[in-house]
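2 protein chains.
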Amino acid sequence: MPDLNAFLAPNAVAVIGAANDTSMLRGRLMETLLGHDYSGEIFPVSRTSREVMGLKAYPTVGDIPTAIDLAIIIIPAQFVTETLRECGRKGVKAAQVITSGFAEEVGEKGAQQQAEIRRIAEEFDMAVCGPNSEGFTNTRAQLAATFSPAVAANGTSLVPDYRRDGFVSAIAQSGGIGFAYFDRGRPKELPFNYIVTTGNEAALEAMDFVDHLIDNDESEVFLLFLEDAKSPAKLVSVAEKALRAGKPLIVSKVGRSDSGRRAAVSHTGALTGDSAGYRAIFNRYGVIECNDIDEMVDIAASFSRWRTRLPRGRRVGITTGSGGAGGLLADIATAAGLEVPILDAATRAEIDQHLPTYGSSQNPVDATAQAVSTIGYARLNEIVASSPMVDAVIGICSAKNPASLRRVQDGLAALGRETTNPILLCSYTTPSRDSIELVNRCGLPLLDNMHGCARALVEMAGYHEVRERFLKRPPTTMPSVRSPRAKVAPRLTRAGRLLCEYEAVPLFAAYGIPTAGGRLVTTADDAARVADEIGGKLAMKIQSPDILHKTEAKGVELNVSGSIAARDTFTRLIANARIFDANADVRGVLVQPMAGKGREVIVGVKRDAAFGPMVMVGLGGVLVEVLKDVALAPAPLSSDDAISLLDGLRGRSLLDAWRGDAPADVAALCALMVSLSQFAADFADEILEIDLNPVLVHEAGAGLTVLDAIIVKRQ
Amino acid sequence: MPDLNAFLAPNAVAVIGAANDTSMLRGRLMETLLGHDYSGEIFPVSRTSREVMGLKAYPTVGDIPTAIDLAIIIIPAQFVTETLRECGRKGVKAAQVITSGFAEEVGEKGAQQQAEIRRIAEEFDMAVCGPNSEGFTNTRAQLAATFSPAVAANGTSLVPDYRRDGFVSAIAQSGGIGFAYFDRGRPKELPFNYIVTTGNEAALEAMDFVDHLIDNDESEVFLLFLEDAKSPAKLVSVAEKALRAGKPLIVSKVGRSDSGRRAAVSHTGALTGDSAGYRAIFNRYGVIECNDIDEMVDIAASFSRWRTRLPRGRRVGITTGSGGAGGLLADIATAAGLEVPILDAATRAEIDQHLPTYGSSQNPVDATAQAVSTIGYARLNEIVASSPMVDAVIGICSAKNPASLRRVQDGLAALGRETTNPILLCSYTTPSRDSIELVNRCGLPLLDNMHGCARALVEMAGYHEVRERFLKRPPTTMPSVRSPRAKVAPRLTRAGRLLCEYEAVPLFAAYGIPTAGGRLVTTADDAARVADEIGGKLAMKIQSPDILHKTEAKGVELNVSGSIAARDTFTRLIANARIFDANADVRGVLVQPMAGKGREVIVGVKRDAAFGPMVMVGLGGVLVEVLKDVALAPAPLSSDDAISLLDGLRGRSLLDAWRGDAPADVAALCALMVSLSQFAADFADEILEIDLNPVLVHEAGAGLTVLDAIIVKRQ
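Residue numbers (my numbering), protein chains in the order written: chain A, 1 to 715; chain B, 1 to 715.
Derived from the structure by calculation, the hints contain no laboratory data.
Bear in mind the structure is a predicted one, so any value in this text is a computation, not a measurement.
Where hints are given, some of them may not hold.
Since copy identity is lost for identical chains, a pair holds within one copy or between any two.
For lysine to aspartate or glutamate, the following DMTMM-like pairs were computed, each having C-alpha atoms within a straight-line distance of at most 25 Å [unchecked claim]:
id: 1; residue 1: K628; residue 2: D331
id: 2; residue 1: K472; residue 2: E240
id: 3; residue 1: K241; residue 2: D228
id: 4; residue 1: K628; residue 2: D656
id: 5; residue 1: K597; residue 2: E552
id: 6; residue 1: K628; residue 2: E600
id: 7; residue 1: K90; residue 2: D125
id: 8; residue 1: K234; residue 2: D3
id: 9; residue 1: K109; residue 2: D292
id: 10; residue 1: K628; residue 2: E51
id: 11; residue 1: K241; residue 2: E468
id: 12; residue 1: K628; residue 2: D647
id: 13; residue 1: K597; residue 2: E227
id: 14; residue 1: K247; residue 2: D410
id: 15; residue 1: K554; residue 2: D661
id: 16; residue 1: K247; residue 2: E625
id: 17; residue 1: K109; residue 2: D352
id: 18; residue 1: K109; residue 2: D410
id: 19; residue 1: K487; residue 2: E339
id: 20; residue 1: K550; residue 2: D63
id: 21; residue 1: K537; residue 2: D3
id: 22; residue 1: K56; residue 2: D21
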């Protein structure tokens with residue numbers, strides 16, 4: 001791995017392509033770079049100028065007399081690879097390639113040149129970021145290696161000088177968005193330390209920077225913008241590392257093309273789009289997904305302050321001097337998934353001492369404009385934050401004018417240091433710069449959107465929950481020695497691309513996955529004999545890898561009773577199959593006992609192109625087919641994973657007591673999901689999709705019946 | 001009706017309670033009032049001072065030598081009514097009562113004093129706003145009758161002086177929120193003409209002001225904040241008038257207490273909360289509901305510009321110089337309900353002339369930073385807005401620096417004048433004040449949040465649709481002379497509080513509502529005879545106003561066949577009813593033919609406490625019971641209303657062809673909803689709730705069967 005320190009915190013920088021003309025990006029970059037008080041050395045490199053913005057310019061990087069840590073390359077595309085090689089030869093440790101026109105170009109040439117950049121980076125073990133990047137900024141080193149106007153010198157320091165911790169890094173594949181995080185976050189006093197924009201990622205990827213910064217303990221919170229993860233495995237391992245370290249990743253993932261759905265063979269494949277794999281990984285590792293730049297900033301601002309004092313639940317206290325604003329926030333908080341409980345009597349009594357008779361200490365605590373000005377924002381929020389009924393507080397204020405905040409500055413600072421429940425101040429008027437800085441100096445975030453505040457609390461509480469569960473979780477194990485993989489593998493290999501139920505069932509059985517039993521019959525006589533042996537009412541189903549939708553092919557008959565009916569049914573099903581598809585490879589008819597009553601569930605597996613096998617679960621025909629109410633998680637699953645996956649379904653309560661039925665056997669369903677996930681993990685490279693559909697989950701204690709099953713192998 | 005003009009645009013104003021001390025609200029109000037260039041006369045009234053802020057003060061309003069249009073009253077609560085009476089005697093036409101401590105107080109006294117304010121207003125025909133109000137502002141008259149810091153003089157005019165139309169009024173029950181709209185909207189160049197905060201609404205209500213401003217043609221767009229509508233009928237009539245006039249109401253409605261649910265008798269009652277009535281009225285009249293202050297401002301800014309050029313559909317073209325921002329917006333737009341279609345070949349060819357090979361003209365049109373600076377924002381958006389494939393355009397830009405906008409200022413102005421498709425510019429960097437003013441002077445809104453832009457387009461397209469439908473709709477008629485009301489009324493009056501199916505069916509039948517038929521039997525012999533007469537398989541159901549949940553009471557038997565079984569069943573059902581509730585008033589057993597297959601629907605009526613009878617519809621057991629997927633609209637319904645109500649259900653596609661079934665008979669379902677709505681409207685004062693549950697909707701052409709029905713009368 002190349003030296004990312006040389007990239008992020010260089011002592012000497014060459015700007016290859018430096019220019020005086022600030023109407024060009026090359027000139028703007030120089031202007032931005034020189035506008036800040038960077039303490040390292042800057043060497044312009046120019047083919048045409050002897051001097052750039054007062055600095056001596058060199059014809060080539062090789063001409064620079066001293067060692068260079070970082071080369072910033074902003075020259076026409078056709079010269080980039082040769083220049084990069086020159087850097088390598090000089091021993092330059094890192095390069096930021098700004099130039100566009102590589103893999104984003106139509107045609108082969110750009111892609112080839114980009115591949116060449118990667119080869120050069122490897123050859124010289126150089127830390128190369130880009131091409132097609134907008135550059136990066138190290139705020140504490142005051143190094144703004146970019147033409148982005150967001151970090152142009154404007155009299156405001158790049159990072160609030162009073163912050164000592166809680167630093168935020170923005171790492172983005174898009175330069176525009178990466179610097180937009182800074183542009184919107186800095187006015188809210190968000191302490192960015194790095195903004196890195198990775199462009200086409202010929203060599204270094206966004207996740208390499210996250211990885212490095214977690215290890216170096218420099219950043220506590222990450223804002224990420226991803227169009228795709230070049231190395232999905234790296235995304236997974238870095239996400240896991242970040243969660244372990246308690247450093248939240250707040251990610252905007254764009255490009256939800258669901259073209260993959262169209263080609264799917266199974267139900268499971270058709271129900272889950274390309275983005276579902278990302279979402280499953282994000283859910284598992286507590287990655288916070290958000291696509292609103294302002295809300296991402298609010299979430300980051302909240303974590304930056306409260307990462308060591310996260311809310312332990314979703315109960316929020318609301319304080320306000322405006323009854324209307326309090327009511328509005330209560331609605332917004334409730335809709336976001338927070339609770340706004342009535343406060344305990346002791347807390348209310350303490351508040352009531354300060355309120356006029358037309359105030360309310362219930363929650364929202366409407367202290368009225370009058371009482372807010374006597375009791376003050378600090379004491380009011382302190383009282384509510386100490387209530388045993390809340391996990392966090394949102395304190396509504398009007399911060400247009402800083403006077404009422406300045407009056408209680410010491411109290412706010414004490415609150416910032418001492419509160420155990422996190423507090424967000426939220427101004428319903430546009431807060432002034434002075435107010436924002438004042439509150440932040442007191443150790444509290446001051447936000448200005450109620451939705452952003454509610455969302456931040458929901459995400460902090462959720463992150464805390466996921467992380468607690470994660471830290472208790474046994475490490476994901478490789479298949480145990482007792483895994484039936486070795487026994488099952490040869491049979492899977494021998495089978496065709498599509499295994500229908502009679503073929504899939506024995507493989508599943510080896511993994512302890514319960515099946516409906518039954519026998520494959522190939523003649524009418526067989527059917528009659530088996531019917532007698534099984535007895536009772538029977539289900540009979542055609543078995544052919546060419547007939548996936550059996551109902552459509554009239555290939556299923558239910559409630560068949562007795563040997564005579566079984567014989568007739570066999571003949572009819574075979575005939576129907578021939579009519580449906582004369583060339584179908586018909587293997588016979590599966591005869592099974594009819595299953596008892598139960599709730600309909602679909603359980604499946606889908607091999608995500610990026611992240612490997614995922615287990616899917618969905619409830620009931622209507623919810624799955626009309627609302628696509630399904631949930632996905634990477635295999636293998638623990639029992640806890642299975643439970644929380646089920647809990648994520650909108651229709652989860654269907655499995656509870658419902659319409660006079662007892663609760664369903666959720667334990668059996670979870671066991672099925674865990675076993676299937678182990679099967680999927682064992683054959684991650686072999687299997688494309690699995691459907692157990694439908695599964696009938698009987699009442700608690702009565703288990704479940706898998707009514708149909710297919711396995712689709714990768715081609 | 002008192003003279004709202006005297007209130008909103010007075011020539012002479014008395015400030016009763018005026019003070020010099022700006023640490024008090026009374027002094028702040030004077031300071032704010034005098035800080036602007038209001039051309040009318042201002043007379044302070046003070047018991048203690050002879051002069052306030054350089055103006056001669058009078059001991060009482062009666063001492064003022066000239067006529068007064070408006071009195072602003074900001075004195076202790078106990079003096080308010082007497083002072084108001086004094087104003088009345090002097091002939092003051094309007095009063096703004098700021099003082100708090102009336103109906104919001106605990107106890108009777110405040111409420112009584114508030115009622116007294118109303119009586120005085122009526123006695124003197126005075127336009128009284130408040131009490132407990134934060135005051136109001138008429139921006140064009142530069143009259144800021146409030147202590148709100150949001151309109152304190154700060155060097156910026158209260159309203160952009162270049163605007164000639166598209167004015168926005170903010171009318172709010174909460175002073176904090178009302179002025180917050182202005183505080184957040186003014187920096188975006190939103191042209192507010194009035195901000196009115198109505199407080200406790202002893203006399204004038206928010207809707208009175210909206211009504212007046214629609215008539216006076218002064219405002220084109222309304223931002224409203226409502227905690228409750230004091231006169232629901234006024235809300236309905238003003239909402240209808242606003243829609244007819246094409247002046248959108250953008251409303252934040254808070255206080256969604258759903259306590260009403262708990263007391264409900266029927267399913268319909270239990271499924272719909274107190275806020276459902278508001279939502280139904282809003283849906284019918286195109287009222288836009290939003291509870292995010294920033295988003296409300298964005299929606300208002302968009303309507304303010306494009307109210308006469310609303311998008312005719314939901315297809316949006318996206319232009320960008322940042323590929324990342326374009327991808328992000330495409331995701332956001334799609335999630336918000338917009339389409340991002342690929343552009344037509346002609347438009348693409350025109351764009352492609354300007355793009356480097358690594359740009360894209362598909363949509364989002366990623367022109368790249370390079371091409372954006374050559375082609376310019378004006379021309380780029382013009383080309384896309386002319387595409388026949390789009391109904392509107394969002395043009396992403398970086399407006400931190402106004403230079404690139406200033407360069408194409410004339411083009412932007414031409415675009416503002418000439419485009420037929422609305423265009424929103426959206427800056428991903430924080431736009432500078434100069435940029436915002438520049439773009440707005442060109443006739444285009446410049447917003448800064450992608451979600452806000454997407455939401456604004458969705459709301460504009462939806463408003464256009466609702467209004468087109470509304471303008472084509474025949475006026476809601478009173479029950480026609482052929483209404484069966486007269487025939488049905490006496491029977492409804494005679495019945496007890498709860499009518500079970502056998503009693504409800506004949507009433508429904510008079511309105512053409514199809515029922516399952518069948519006959520009430522009261523003896524086992526009767527049951528046997530009727531079973532023979534009807535023939536085939538039968539449903540038998542206990543009939544008792546005391547047994548609502550028949551299944552629970554084992555009061556239903558299905559698939560009863562023949563007279564012997566019918567006789568046994570009768571005896572058993574009656575016995576079960578006795579076991580369930582020995583005191584139940586059992587009327588007999590209803591014997592009906594079994595219905596054919598169909599999709600399960602619930603149709604009901606609920607009398608909303610504020611808005612009268614509402615028709616409810618929901619699909620399928622699971623969707624209704626687990627997800628509460630129901631929709632509500634005020635009775636009576638037209639056929640179009642019924643169709644759009646159904647279309648609002650998440651599970652609507654269940655009525656289409658599904659799982660091998662043909663489409664359901666939607667026409668029959670709509671006819672049922674229309675007939676039931678007429679019944680509900682005819683008996684608006686008599687009926688509390690109606691359940692038709694379940695209704696089986698058969699395949700298209702085969703109609704439907706109402707399987708059970710109850711009517712709950714008001715007590």
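Please list, smallest to largest, the hint numbers that this structure does not respect.
Hints 9, 10, 13, 14, 16, 18, 19, 20 and 21 are the ones this structure does not satisfy, whereas the remaining hints hold.
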